[in-house]
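Enquirer: Chains as they are written, first to last, in the numbering used here: chain A, 291 to 614; chain B, 291 to 614; chain C, 291 to 614.
Simulated from the structure, these hints should not be mistaken for lab results. Treat each hint with caution, since some may be false.
Identical chains share a label here; the pair holds if one copy fits it or two copies do between them.
Cross-link-like lysine to aspartate or glutamate pairs, in silico, EDC-like; alpha carbons within 20 Å at most [said to hold, decoys possible]:
| id | residue 1 | residue 2 |
| --- | --- | --- |
| 1 | K500 | E378 |
| 2 | K386 | E554 |
| 3 | K570 | E583 |
| 4 | K386 | E452 |
| 5 | K385 | E452 |
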Amino acid sequence: RIMRPDDANIAGNVHGGTILKMIEEAGAIISTRHCNSQTGEPCVAALARVERTDFLSPMCIGEVANVSAEITYTSRHSVEVQVNVMSENILTGAKKLTNKATLWYVPLSLKNVNKVLEVPPIQYTRKEQEDEGKKRYEEQKLDRLETKQRNGDVIFPIINPEPHTVGYSQSSLIHLVGPSDCTLLGFVHGGVTMKLMDEVAGIVAARHCKTNIVTASVDAINFHEKIKKGCVITISGRMTFTSNKSMEIEVFVDADPFVDEPRERYRAVSAFFTYVSLSKEGKPLPVPQLLTETEDEKRRFEEGKGRYLQTKAKRQAQMQQAAQ
Amino acid sequence: RIMRPDDANIAGNVHGGTILKMIEEAGAIISTRHCNSQTGEPCVAALARVERTDFLSPMCIGEVANVSAEITYTSRHSVEVQVNVMSENILTGAKKLTNKATLWYVPLSLKNVNKVLEVPPIQYTRKEQEDEGKKRYEEQKLDRLETKQRNGDVIFPIINPEPHTVGYSQSSLIHLVGPSDCTLLGFVHGGVTMKLMDEVAGIVAARHCKTNIVTASVDAINFHEKIKKGCVITISGRMTFTSNKSMEIEVFVDADPFVDEPRERYRAVSAFFTYVSLSKEGKPLPVPQLLTETEDEKRRFEEGKGRYLQTKAKRQAQMQQAAQ
Amino acid sequence: RIMRPDDANIAGNVHGGTILKMIEEAGAIISTRHCNSQTGEPCVAALARVERTDFLSPMCIGEVANVSAEITYTSRHSVEVQVNVMSENILTGAKKLTNKATLWYVPLSLKNVNKVLEVPPIQYTRKEQEDEGKKRYEEQKLDRLETKQRNGDVIFPIINPEPHTVGYSQSSLIHLVGPSDCTLLGFVHGGVTMKLMDEVAGIVAARHCKTNIVTASVDAINFHEKIKKGCVITISGRMTFTSNKSMEIEVFVDADPFVDEPRERYRAVSAFFTYVSLSKEGKPLPVPQLLTETEDEKRRFEEGKGRYLQTKAKRQAQMQQAAQ
């Protein structure tokens, strides 16, 4: 579809969150269709996880986004979908790859939302495809278990923070979940959640460096808990790490189901977003360094540095592999 | 209501689809109100057909759209509504007629969506009004039957197409039907469908001529099949004909009800949109000619030429009549 | 959240209606949460009244709106919420108070929408807080009764009105209530209604003075009757009074529940909006005087003048108090 003014920031760059939302919609459609392709209980595919994804080039207002999706692996209860986003300038005809993402879905019964159904297996053209898919499946399963444990942190407001400290740029946003945010099952679309997360992360980044900022990448996001219609969700973000030209922001989504079936507020999702700062000509700018104060802040900074160096090493390895 | 940035293209011209959506909303309100005016089963009026309509002058961001609707004929099971759209520049006070449209609605029972109810008859001030309305009713009934039969065509993707061929500009868009797209009966508003059709047609036109394009007219659209909440709809468009200064684009809407009540994908709507290309000063530009390759493309080009010449002849006859 | 192009007028000033909608959403969340904090029947808080509120400084596209809400008084069946809106320019870090509003909510049972539930009492830190709250509660109760009685007026269209008369600028807008306009109970959010009211009042003001206009204040709004999903609402506005630099516009909301449970059209809400006209540099401009023609128009002008002088006197008293 064509990118509209509301999809973009003041500089005309389309929000990463808008792109994540389109990706998730495409993934939900193809996996729901696949899981209903055999006669049996009707179901809706719910997003369980998005693998780390990079935003390769910014998209602008007036460009057309082409989203294509393909099922690349099925386990007994989950579907792996590969989604590609191309941006096309329809006036010049130029096309660019904007984004590649891998998503995992789980089919939930339309009649009983707590029942996970079986996924019809796909046919692989080569045996290696199945083996590689199985490897990816095992890896993500492990990672899901790990993140489930570190999900307990809370962000408190800070009075009169100094510029460039963590407290200075931390931000939060509250949203009441309405019908247009939800699937047929009455739960929030994963894509809606990711769009709000990107919005908060973008506010944190802009408060820190006070320039035009864009989403560079999003780390793997795990959706541990569904969020029901009528909940209030609080999305909060804080900066964890800065390199010379990038900022890492941790975002939490907490759901508060205060109506209907009262239950404690709970952590539904958490993720790391990486942003870069751009000059008016679209060149990356140096980023002011994050000032860490508490022990926790220093520890998170080191952990962020670890992720940053790991990603950098992985990318260099890929480039060498590609060059061979 | 006031036209917003998201209602318009980059050049500030309001999308034809936004106007069609407003027209349909006005038509649905007046005919639903009329059909519920007698005590009896409550119902919702569903759009069955929109007659050919011309966009007389472009509307811009910041202008106010005044939509007025009037019931002009009732048959036993259908209502004809005439809708006028005036654009008003509230700063200068200038008003222009933007659009005149004729729509047909059918009342469906709120309790049983497959039951068509009876329409309370309206009073005519002159006997001729009733006779002319009856004539229009018979004509549209005939046309509905005809289009139902040619509804089988499918658009396939083409690899590496040459510029200005049919394959080069053909486009499609996928949309998951959500609650805010639907009426009280849980079916997609006709206006929502038309807005998406105009979006795809606009992308086809822009890809072909790579300039600022606007909707000039829409041929009669028949809504043969309802589209239910939770469906995925695929809207696809291809260019069929070019004159010196206009492009005709055929648009198909296919619905895929993959959840809940599995059923084959089916053609719900099809229509022809005519676009013109505008210079920066808003003057019509010459259009690159469409290169037809296959026999089918040549046949469709000739058919499009036939429609173009027929419309031109009709318009000249009307102008001569008006001049007498 | 960040202000988007669709939230603002052509000059980039965020619509007062967008701000009112955010305020109401925050109020609805905090009071619904409070009313569900004790075990008992689940409920949704419905907006009963908004006290008079001033727009202290305009907000612009790209700024972040910070909305904070606090419960300041509870009676047996109602909750008073104080909401503050700060606008923040995230590039410069500058913050300004945009708006302060006081709202009253009533908890309605999720199982039986006509049943008003009891509100858990809040703890006051000082006895005076409770007494002042009780005084505000009694005052608004009285005012609600009064406005319920003058709720009968209707706006008729006028043919060929002269510039600057009441008939010249009066306007109305029709809206079909869809699912995304509604709460969990299936009734229109008060904030949605206020946004539409501000849109109509803005069209009346722009038609009268043909310049860039912004909302300066909104008088107390009482929500006497709920509006159900599927209703058509007609929002109509007419100018009642002009001072040198401000315009007062009266806005009515009428609901027409034509489907499902047929009932007469009824007046749901009415309110007074005050607008000012701004130059390109954002300075207030003189306003063309309203030409009153009928006896009713002259009477309403005098009443408007009364409200204007009363507000002016109150503001001067507050400023003197603040200066002491």
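Enquirer: For every hint, state whether the structure bears it out.
Expert: Tested hints:
In this assembly of identical chains, the alpha carbons of K500 and E378 lie at most 20 Å apart only when taken from different copies (12 Å versus 30 Å within one copy). In the homo-oligomer, the alpha carbons of K386 and E554 never lie at most 20 Å apart, since the shortest distance is 45 Å inside one protomer and 35 Å across protomers. Neither within a single protomer nor between protomers do K570 and E583 lie at most 20 Å apart by alpha-carbon distance, with minima of 32 Å and 45 Å respectively. Within a single copy, K386 and E452 get their C-alpha atoms only as close as 41 Å, which misses the 20 Å cut-off; across copies the closest is 19 Å, which meets it.
With identical chains, the CA atoms of K385 and E452 are at most 20 Å apart between copies only, with a shortest distance of 15 Å across copies and 44 Å within one.
Going down the numbered hints, you'll see the structure goes against 2, 3, while the others check out.
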